[in-house]
Amino acid sequence: MDIDLIFRIAAIGILVSVLNAVLTKSGREEQAMMTTLAGLIVVLMMIVKEIANLFETVKTIFQF
Amino acid sequence: MAVKLFGCFIVFISSSLLGYIYSKKCSKRPNELRDLQGMLQIFENEISFLSNKLTDAFYKIYKQNESPVSNFFKSTAEILQKRPEISASEAWKDAVKLNIDATSFDKEDEKVIISFGKMLGSSDLEGQIKNIRLTLNQLKLQEQKAEEFRKKNEAMYRNLGILGGLAIIIILF
Chain P
13 MDIDLIFRIA AIGILVSVLN AVLTKSGREE QAMMTTLAGL IVVLMMIVKE IANLFETVKT
73 IFQF
Chain H
76 MAVKLFGCFI VFISSSLLGY IYSKKCSKRP NELRDLQGML QIFENEISFL SNKLTDAFYK
136 IYKQNESPVS NFFKSTAEIL QKRPEISASE AWKDAVKLNI DATSFDKEDE KVIISFGKML
196 GSSDLEGQIK NIRLTLNQLK LQEQKAEEFR KKNEAMYRNL GILGGLAIII ILF
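Sequences listed follow chains P and H, in order.
If you're matching positions, the first sequence starts at 13 in the numbering used here and goes up one per residue.
If you're matching positions, the second sequence starts at 76 in the numbering used here and goes up one per residue.
The following block holds chain P by itself, in its conformation from the complex (with noise of 0.2 Å):
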């Protein structure tokens, strides 16, 4: 498991919220919602590839 996944997820969760706060103080609140989105469906991306990891392995273990 590689610390390199971490980082990349704090990077792109403080990049959205810069976002958000830039489109929010213009005026643009719908777009800020769909970056929002957009940068949860990206980490979740990221993500379901070791939840998959996690799950067999725990299946490894418990051996079923």
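The set of hints was computed from the structure by calculation and includes no laboratory data.
A couple of the hints might just be wrong.
[Said to hold, decoys possible] Computed from the model, here is a short list of chain P residues facing chain H with C-beta under 8 Å:
| # | residue |
| --- | --- |
| 1 | Leu27 |
| 2 | Leu31 |
| 3 | Thr36 |
| 4 | Gly39 |
| 5 | Ile59 |
| 6 | Lys61 |
| 7 | Ile63 |
[Stated by the list, open to error] Simulated DEER-style distance windows between Cβ atoms:
| # | chain 1 | residue 1 | chain 2 | residue 2 | range |
| --- | --- | --- | --- | --- | --- |
| 8 | H | Ala77 | P | Ile59 | 23 to 31 Å |
| 9 | P | Gly39 | H | Ser89 | 26 to 34 Å |
| 10 | H | Val78 | P | Ala33 | 27 to 35 Å |
| 11 | H | Lys100 | P | Thr48 | 23 to 31 Å |
| 12 | P | Ile59 | H | Ser142 | 19 to 27 Å |
Built from N, CA and C at the ideal position, the CB exists for glycine as well.
For chain P, the structure is supplied; the task is to place chain H on it using the hints.
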């Protein structure tokens, strides 16, 4: 590793430049609208007080001003001289289509400018002056809208360019 860094750098610079250019275009629009209004005033004075010919008036306007908007007038005068059988409104329309990319005008501004050209060669002096006044009023309205638009969006586009570049770098590398 170094190539990766170089690639990141290029993506970042290009995307922030895009944002910066768009923001500049946004901020130049009210100024150019103001220039266009000034030139239309000069044109009105030319034809009502000095009774100059159309091409001469256009050349004079072009010489007096330095902004890219004056290219409209210069192109129209040139087209009228090169093809004397074409009508003034057709020449104006062609000149506008040629030169609109060098200015920061919007689609709506372009419509207003072309509609000015439709009345150009087609009525007497009083009609021309009324046409000019009408176009001036429409342009003033556009200018106010453009000023508001600029206040809201100029900084936003710049920031969006930079942040978008950063987002692409982080997600893809």
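Here is how each hint holds up against the structure:
1. Against a cut-off of 8 Å between C-beta atoms, the interface hint on Leu27 (chain P) holds, since the closest Cβ of chain H lies about 5 Å away.
2. The closest approach between the C-beta of Leu31 (chain P) and any C-beta of chain H is roughly 5 Å, which is under the 8 Å cut-off, so the hint is satisfied.
3. Evaluation of the Thr36 (chain P) hint against chain H yields a violated restraint, the C-beta minimum of about 11 Å exceeding 8 Å.
4. For Gly39 (chain P), the shortest C-beta to C-beta distance to chain H is roughly 6 Å, which falls under 8 Å, so the interface hint holds.
5. With its C-beta approaching chain H no nearer than about 13 Å, Ile59 (chain P) sits outside the 8 Å limit, and its interface hint is violated.
6. Checking Lys61 (chain P) against chain H: minimum C-beta separation of about 15 Å lies over 8 Å; hint violated.
7. Hint status for Ile63 (chain P): violated, given a least beta-carbon distance of 19 Å to chain H, over 8 Å.
8. In this structure the hint that Ala77 (chain H) and Ile59 (chain P) lie 23 to 31 Å apart at CB holds, the actual value being about 30 Å.
9. At roughly 27 Å, the beta-carbon separation of Gly39 (chain P) and Ser89 (chain H) lies within the given 26 to 34 Å, and the hint holds.
10. Between Val78 (chain H) and Ala33 (chain P), the C-beta spacing of about 34 Å keeps the proposed range 27 to 35 Å intact.
11. Between Lys100 (chain H) and Thr48 (chain P), the C-beta spacing of about 28 Å keeps the proposed range 23 to 31 Å intact.
12. Separated by about 53 Å at the C-beta atoms, Ile59 (chain P) and Ser142 (chain H) break the suggested range of 19 to 27 Å.
Of the numbered hints given earlier, the model fails hints 3, 5, 6, 7, 12; all others are met.
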